[in-house]
Structure formats: structure tokens, C-alpha cells
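J.: Produce the entire structure from the sequences given, and follow the hints as far as they go.
From first to last, the protein sequence lines are chains D and S. Throughout the first sequence, residue numbering follows the working numbering, covering 392 to 661 in sequence. Throughout the second sequence, residue numbering follows the working numbering, covering 209 to 637 in sequence.
Quick caveat, the hints were computed from the structure, so don't treat them as lab data. From the three backbone atoms N, C-alpha and C, an ideal C-beta is built for every residue, glycine too. Among the hints, a few may not be true.
Anything over 12 Å on all C-beta distances counts as not near chain S; from chain D, calculated [unchecked claim]:
(1) 428
(2) 438
(3) 445
(4) 455
(5) 460
(6) 464
(7) 467
(8) 488
(9) 505
(10) 512
(11) 545
(12) 546
(13) 590
(14) 650
(15) 654
(16) 655
Below are the EDC-like pairs computed for lysine to aspartate or glutamate, each with C-alpha atoms no more than 20 Å apart in a straight line [stated by the list, open to error]:
(17) D:431 x S:533
(18) D:396 x S:540
(19) D:396 x S:533
(20) S:510 x D:394
(21) D:396 x S:524
(22) D:396 x S:538
(23) S:625 x S:612
(24) D:579 x S:533
(25) D:461 x D:526
(26) S:363 x S:319
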Amino acid sequence: MPEIKFIHSTANPDAPVAYCSFTAMHTVIEVLFVHEDEQKSREISEAVRDLTAELENKLSRHIASSDLAKLNSSQEAVEVNQELYFSLELCEQFRAATRGYFDIAALSASRHRPAYETLPAEHKARRCGKEIRLDLGGYAKGFALDKVKNLLAGTYGIENALINFGNSSIAGLGHHPLGDCWPVSPAKAGSGQTFRLRDSALSISGKTAGVLEHIIDPVTGSHASKDKDIAVQGQSALVCEILSTALYAAPREMWPALLQNFAAYKVEEI
Amino acid sequence: MEEKKTMDRRSFIERLGGLGLAGAAVAAFPWVEACSPAANKEVAKEKARIGMIGPGSRGYFHLENMKQIPQAEVVALCDIYEPNLQHASELYPEAKLYRDYRKMLEDPNVDCVVITTPLFCHFQMAMDAMDAGKHVFCEKAMAYNIDECYQMYMKHLETGKILFIGQQRLFDPKYLKAMAGVLAGNYGPVVNVRNYWFRNGDWRRDVPSPELERHINWRLYREYSRGLMTELACHQIQNGTWATGMLPEKVMGTGSIIYWKDGREVFDNVACIYTFPNGVNMTFESVISNAHFGMGEQILCKDAMVDLPGSRVYFEEPPRKSGIESLIAEIEEGIFSNSAFAGTSFSAENGSKDKGIAIMPEADGDGTVEIMEAFCNACITGKMPDKVLEEAYYGSVFSLLGDEALLQQKTLSLDEKYYLPTYKGRNGA
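T.: Structure (C-alpha cells):
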């Protein structure tokens, strides 16, 4: 299990604050929440870490023992865990809803779609071709972030928290103890925008400075490239993540068609 | 200028003390005691009377350094190349001049010799010197082939004469401090060692007359030199055995002449992989037709990368400034403001942009003066510092084995008979 950095402060007696961070899903995950004592805060932090690590084990293609890795290496139908099975079905729905621009098979050499099939009776999945490679990189953080949000609010009754998955997937539960939301701005100099998160999430997709483009246009199979990053704000962290990825990959003229199914989500270029 | 250098040297000794060279660390670097304040006190006012064989470029550099070492007295100089001999004589006009090193070895005023000649000469000169009762400091690489290295080591045991090889990194304070951290496990287990040395030049020296070509540019010809593996790799391979505490189990590699096709016989680019018994790999790469990457010696540990020449450590998880963490202080102070941290994803698979943490920011020098000082002290006391020769021996031997692997295009292991009876690495290989 990854080690947790944990801080608890009661310096402001009106707003005791807890903070934890750890490494998972190839990034740094941070959670800040208020109004809990130290012991409970530690327990919550460990629960968040455990949940995230568990999901990573289930959804990562980089872990050799994961069901997704097995699926990617097998020509046969593979029995998969509940989260992965659910995710595979959901991802196919999102692929259709985004006109193919969100596609977990985008890294594949083959453009054959659908790229996989799920077998409900056996709780199995099977790739439609040996060149198909499935990657939940543009999905798992949003999926896990929503799960963490539900854990905090549902299991522990936390009302106010800010959750950060690698700066690109962020969720605000409730509000800052001294304000009416969690105001978050892009780190990029001169952007001037502020996203007021209150029971909502934010996802940003784009090119990381100094790093090659990593988002694939699933329609052409080439690396997507845009001058600006795409930020999507809305209720579900998962939907924000899927939409920001799809919009970055898609040509601008396709945006209205993609967004017609997601009217409640706000899109900005930064 | 001289005063500053002397002060630097004092500060080196102080810094060694500052490294906390006690207990376990002394066991790791026992040789540094040879230039400790106690060792210097023991030899105060005594002199090591030095005869230098081959006062060319590297030799002249040592001669200049000896001016800073009170216990070093240069009494003789020897070279078959007259311009070098005369040049060195200007620095030490009182030194007796020789054209034949064997004559110099008969000089009873010479206690010890410093050999800075081409590689192929090291063996015979060192053997003759020890047989003549002289202590020896021999520049690296130790000798032209592995068997000669072994014979030199055994001659040292047989005669009891001091034998130093010019692996100055063993006395470089920044290397010592970095290695202390590696050996203490501060950065996690060693998982890889990367060495490289990139230059862009033909490696030639001016030749005043064509018949002197092979004499002056000896580094380029197989008869005299083992090329990049003995001239450059030797220093770096020694770092790997030092850091891991193990001796490589095997080496493979490839080399060729890709650019400097000027009649030279040694490779102008090489790449070697050494594998230690626990599976850890150590690489050495050298190209002398592109200098972009310069020189690097990097110990990759599970939790950090240690840059030896840069004296910096780069942690895998460096402290990050986080918008969320900074919120703690704001909430403590009753401040409500927006946090500017959102952006494209940080990926742990990206190369680190971390600027690292200095291990020894005040470090200067490279250990060349200190190793010579330690040699002088050892000559005066007759006490051979522990393990310094063994570390150097294996540095040379595994560089030579690497060159054999390049030539034979095979994966090679060191013949059992060349493992030293006194030291087989901390893994006892």
C-alpha cells in the first residue's frame, strides 16, 4: 500500500482541517476535509487510500495481475471483476454518446469497433481482435474520484472536502469552511479563470508541458493536438473526465454534437 | 593562489570529519584515514621523496599538485620525451633528470615513484619499481591486461610496498558523501548504475614530427592502449562496484569506429552492460563524436537517483507544492481564497522535472590532491590504507574485461583466479 502523508491541524478551532496525500494511479492524490478529529481523519485517509489502490488494481492495464491486463493479453473471453465489467459496459455507452471520441481502445493498432464485447451470462469480456489494446487511463481517475466522493459523504458523513487526483481531476464536496464553494484556478499563468466547485467536479485535458501529446484521436488514430487545454465542470467527475478527453480529441466542429447529451456540463478552454 | 588551494585542502579534511566518518562509514571508506588530520600529524615534517616517470600532461598536473603537499618532495624526473622532461624540470629545477626509468630506480634518494606513462608501460615499470624497493603510485588504468593487474597486486603483497592506482574519486569528498548515503540505504536499494562519457573531439594530440605519431597519440593504438574502456570507463566502473558493494558477474557490449576513421585502432564509441549477482545492471556508454550529454555517473536507487559528479540527489517523490496542502495554512489563518493548481495531469511516468537537492554544495576539487597526499603519507608510514587498492584493482579489471567483451563480441565473466584472495567484494563473490 502506498504511504500516506497525513496532516491534521486544529490551529483554527472553528475549522479543524485534515489533509492526506499518497501516490496511486500514476499520480499524486490529495484529499482535504474539515471538522473531523485526528483519529477519525486518519481512519478516513486510510480508507480513501485503500479504496483507490483497490480500484487501481482492478482497472489498471499496467498491473500484470489485473483483470484488464489479462484481458489485453488473451484471445479468449476473460472473467473480470465487477468494477471492470461495469466500466467496460459504461465505456461503450460513452463511446457512442461522444460519437467515438471517447474510446478506451484508442491506443489499438486496429480501428475495428466495437473493440470488445461483454458476456453478461458469464461475467466475461473478450477483445474483438488481437490488435485491440484497452486502456482506462482517461476514465479511471474520474471513476475513482466519484467513488472517493461517495465514500467521504456516504460512509463518513463528510460534508466539506476537496479531492485532487493529479491536478487534472478535482472534486469539491460542499464548500470551503470559510466560503461558499471551493474556488480552483488553473496553474497556467494568465488563465484568469476560477472554477467554483460546490458538489461538482472539474477535469482538465491537454498537453502537459515538456511531454509528448498523449491523447489519441480515436477516429484517425493519431495524436490529438490543440493550442489550449479543455476544462469540463459538472456533477460527475467521471463524466467530466470522459468529456474533457473526448473534446480534446475531437475537431471543434464536432463539439456541438458531442455536447448535446451533456447539457449540464460546462466547457471552457484554458 | 597557492594559499587558497591549501585552504581548500584543509577544508577537505574538515569536510571528511563533517561526513561523520566513524563507525560503519569508516568501514566503507577506510582509506580516507590515510589523509586524515591524525595521519598528517604522524608524518609532520617528514618527506616522501618522489621520482616521477612520465611527467607529460597528467604527470605535470600531479607535479603542480605536489606543490600543495608539504610531505611531497620531488627529487627525480624521468622521461624519454625531452620536451616533457625539460618542461617538468622548470617546475622542479632541483630534481635529478633521468631518461631511463631503470636508472632512476637505482637512485637511493628516491623512496617512491609516480608512474604517469602510457598504459602499456604501467606493468613493467610498477613491477620493476616494487622489486627495486620503491613504493608506487600508478595512474589508472592499472595495467594493459587483467593478468598484469593481478601480478601487480600480488607483487605489492609479496614486497610489502605501497601501491596506489590513480582512482581519485575514492578521495573526492562529494563522492564520499554521496556514497555514504547510498551505502547507508538512505535512497533505497541500488537498482541500476548509469555511466556515460560523451565528447566531441578526435582525442589527438599535436605531433611535431610524423615518426612520433604512435608515441604521442598512443591512446589511439591497440598496441599501447585499450581506448575508452581504460581511459574513461575505468573511473566509472569503479563507482558501480563501490556503490553496490558487489563485483559484476558478467559483461557484454559492443564497440566500433563510427566517425574518427583516421587510422586509429581503438573504438570511438562503446556501450557495455555489466550485470551484478543480484541482477542489477550497470551501463557504460561513450561516444567521442557528440558531446551533448557530457559526463554522467548516476546511481539509481528505488527512492532516489544520486548524481555523483553533480553532487545532487533526485527523489522519486520530491516535495510538491500543492494547492490543496497550502489550503491548510490558509484555513488556519482564516483565509478564503482560490487555489491555483489545476492543470493537465501529472504522470508518474513522465521524466522528473525535479531540480534535486544538493548533497555537498560547497564541494570543490576531485580528490586528485588528496589521493596523492594519502600516497605520500602511506609511503612515509609504510602503512597501506585498507581496501583502496582493491577498489581500484576491480575498477581496472572490469574495465579491461569490458574491452575484452567488446573485442570478442561475447558475454564474459571474470576468471575465478583473478578474484583477489584478500577482497572479493562485499558480496563475497
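J.: Going through the numbered hints above, which ones does this structure break? Give me the numbers in ascending order.
T.: none
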